[in-house]
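Asker: For reference, the chains in residue letters:
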Amino acid sequence: MVSAMRQSRFEGTARYLWAKGWKLLLPGAAAIFVMELLIYLMPALGLGTAEQGVSTVFWYVSVCALILMYRAANVDARFLITRLTPRPSVYAGVVLEILTFTALGVLLAAAVTLAETGLVAALSGLAPGRYSVSMWDLLGQARATATGEVVGFLVPYTGRFFLSTVEYCCFYYLYFCLLRRWKVQTLAVTIGVPVLMVVLVVVPAVNGFFDQIASMSEQELWQSMPVLMNLLRFMEEAVRFMIERWPAIRAVAAVACLALSYPVMAGTPQPK
Amino acid sequence: MTDIPAIEARDLSMRFGRTQALDHFNCRMEGGHIYGLLGRNGAGKSTFLRLLTAQAFTRTGEVRVLGRRPGLGTLGEMCFISDTPDFGGLTRVRDVLSAERRLHPNWSDAVCSRMVERFELDVRRKTKGLSRGMQTAVGLVCGLASQAQITIFDEPSLGLDAVSRERFYDALIDAYAERPRTIVLSTHLIDEVARVLETAVMIDHGKLILQRDVDELRQLCVTVSGAPEAVTAATRGLRVLHEESFAGAMARSVFLDAPRQFPQDVKTEPIGLQRLFVLLTDAQRGGEADGFGNAAIAL
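From first to last, the protein sequence lines stand for chains A and B. Letter 132 of the first sequence, counting from 1, is numbered 132 in our numbering, and no numbers are missing. Letter 226 of the second sequence, counting from 1, is numbered 226 in our numbering, and no numbers are missing.
Do not rely on the hints blindly, as some may be mistaken.
Here's a subset of chain B near chain A, in silico, CB distances under 10 Å, partners left out [stated by the list, open to error]:
| no. | residue |
| --- | --- |
| 1 | Gly-67 |
| 2 | Asp-86 |
| 3 | Gly-89 |
| 4 | Arg-102 |
| 5 | Leu-103 |
| 6 | Asn-106 |
| 7 | Ala-110 |
| 8 | Asp-282 |
Here are a few chain B residues that sit away from chain A, every Cβ distance over 12 Å (derived from the structure) [claimed, not checked]:
| no. | residue |
| --- | --- |
| 9 | Ile-4 |
| 10 | Glu-30 |
| 11 | Ala-56 |
| 12 | Pro-70 |
| 13 | Ile-81 |
| 14 | Glu-100 |
| 15 | Asp-109 |
| 16 | Val-123 |
| 17 | Ser-131 |
| 18 | Ala-148 |
| 19 | Asp-174 |
| 20 | Thr-199 |
| 21 | Arg-218 |
| 22 | Arg-239 |
Just so you know, these hints were derived from the structure itself, not from any lab. Using N, Cα and C, we set each Cβ at its ideal position, and we do this for glycine too.
Using the sequences and the hints, build the whole thing.
Answerer: Take a look at the structure:
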């Protein structure tokens, strides 16, 4: 068992990805904290009058995830496969990387946000006109106006953000693997399909709809109302179905992406 | 010892667009020897190595490493040092060595330190600032320290200066003596590797043109020179690879079936490996026209 593990080079792969990952994550968190610190200090120095609240720094985890997945599908895969690391080990290493660095990233982001909350709370005591503890989440669903509320808001948000980032990592990884293997085709589909959809389906459909309405008499318009209403009801139900099942749809899509990325990555010939 | 070869290729073919990189290539390499995969640029050496190391795939023919298809079961036993150094975004030489150390199960720290010293590598240096020769040296250190059962070097001396090249070949012999294993040196600089090789595998236009023991080749491939009549008589019925006349004398390069004694009136000397390769590739190309064809390149 130990020998098989050694032969699979999984430990070496994991350590290589770990060594590269934290060098992105930790300095990134430190840089963002310093940047935020400077923004907080500006009003104190009279360089801004706006009331300064606490901002979440979770966006940085998304940026890191994007960079990590790009590297995992390109530089890291090339390095490891050239070193004759078996593809299953490379893949397992990436899965571990997604889970580990997303967890570390959201924890770091939460820690930085808490540190900022403490700082703003302290500053609001000194200059209440310039600083106050206030925070909104991106969708405007929650608002925190006190340190305790910020903590209460952060705990569930961190969990939700972790799951969401893991899902995004799966999409990113598949996309970058596809891009590495079939660059032209992937770009053509990514850009071409939406453009074609708009040009060939959406625009003619909308134009046709309005032309049809314009050519109808008032009586015909009233007669077609039930059909239109049915169509709108169907669309509303479809949208509601999507919204209700959205977390499940995303989770299934993420698992499918992660599963699909293996054959794409494993079948990619190494560049000369 | 088992009779399973370390590396075996059967009827291997691969095409890139219009280029036939490998054309029904066959070869068999036994374990515990130093092989030289020799060929011109674009002969198909790197393609063969990429198939061997599961970095490229083909459906035509078969390649086996330790009796198995290249993959999970074989890659852990191998180390491949590519001709294009890739440090995977690791910033310092010590980071690269540390990553390699964890990837190779038989890694020897002692060999690594010895090689770093021999190549005068500064492990604190940034990989981006390394010269081409230094980049190659990092790869060579990894290849030797990995102590893998099958170690493959693709163009190992690319960018190295003369001193470093000699140091590498000395180090290779030391490392091999310390821990015998299968080593494959793929190169087009044939004379340079000749002294360390046990077996030469020559490839041209994707085809195997010769696979023979190097010592045996020294006895079988000779240039016979002297008076034209004497040389003609001494080489009658032999496979002549090349003939040249100068200042009333004649020299014929011949490929013998078995070692033999030549008459006293002619001078004989072994053909160097590089010269032999040139003659064989010319014979292969002139094939049917000059009558050498496959007879001259029989295994």
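Asker: Could you run down the list of hints and mark each one as holding or not?
Answerer: Cross-check of the supplied hints:
1. Gly-67: 15 Å, violated
2. Asp-86: 6 Å, holds
3. Gly-89: Holds. Min distance 5 Å.
4. Arg-102: Holds: closest Cβ of chain A sits about 4 Å from Arg-102 of chain B, inside 10 Å.
5. Leu-103: 4 Å, holds
6. Asn-106: 9 Å, holds
7. Ala-110: 19 Å, violated
8. Asp-282: 27 Å, violated
9. Ile-4: 17 Å, holds
10. Glu-30: 21 Å, holds
11. Ala-56: Non-interface label on Ala-56 of chain B violated, nearest chain A Cβ at 5 Å vs cutoff 12 Å.
12. Pro-70: At roughly 9 Å from the nearest Cβ of chain A, Pro-70 of chain B sits no farther out than 12 Å, so the non-interface label is violated.
13. Ile-81: 9 Å, violated
14. Glu-100: 7 Å, violated
15. Asp-109: Correct as stated: the minimum Cβ-Cβ distance to chain A is 15 Å, above 12 Å.
16. Val-123: Nearest chain A Cβ is 15 Å from Val-123 of chain B, so the label holds.
17. Ser-131: For Ser-131 of chain B, whose nearest Cβ neighbour in chain A is about 20 Å away, the distance exceeds 12 Å, so it holds.
18. Ala-148: With a cut-off of 12 Å, Ala-148 of chain B comes too close to chain A, as the shortest Cβ separation is near 8 Å.
19. Asp-174: 23 Å, holds
20. Thr-199: 23 Å, holds
21. Arg-218: Fine: 34 Å to the nearest Cβ keeps Arg-218 of chain B off the interface.
22. Arg-239: Since the minimum Cβ distance to chain A is about 36 Å, Arg-239 of chain B lies beyond 12 Å and the statement holds.
Comparing the model with each numbered hint stated earlier shows that hints 1, 7, 8, 11, 12, 13, 14, 18 do not hold.
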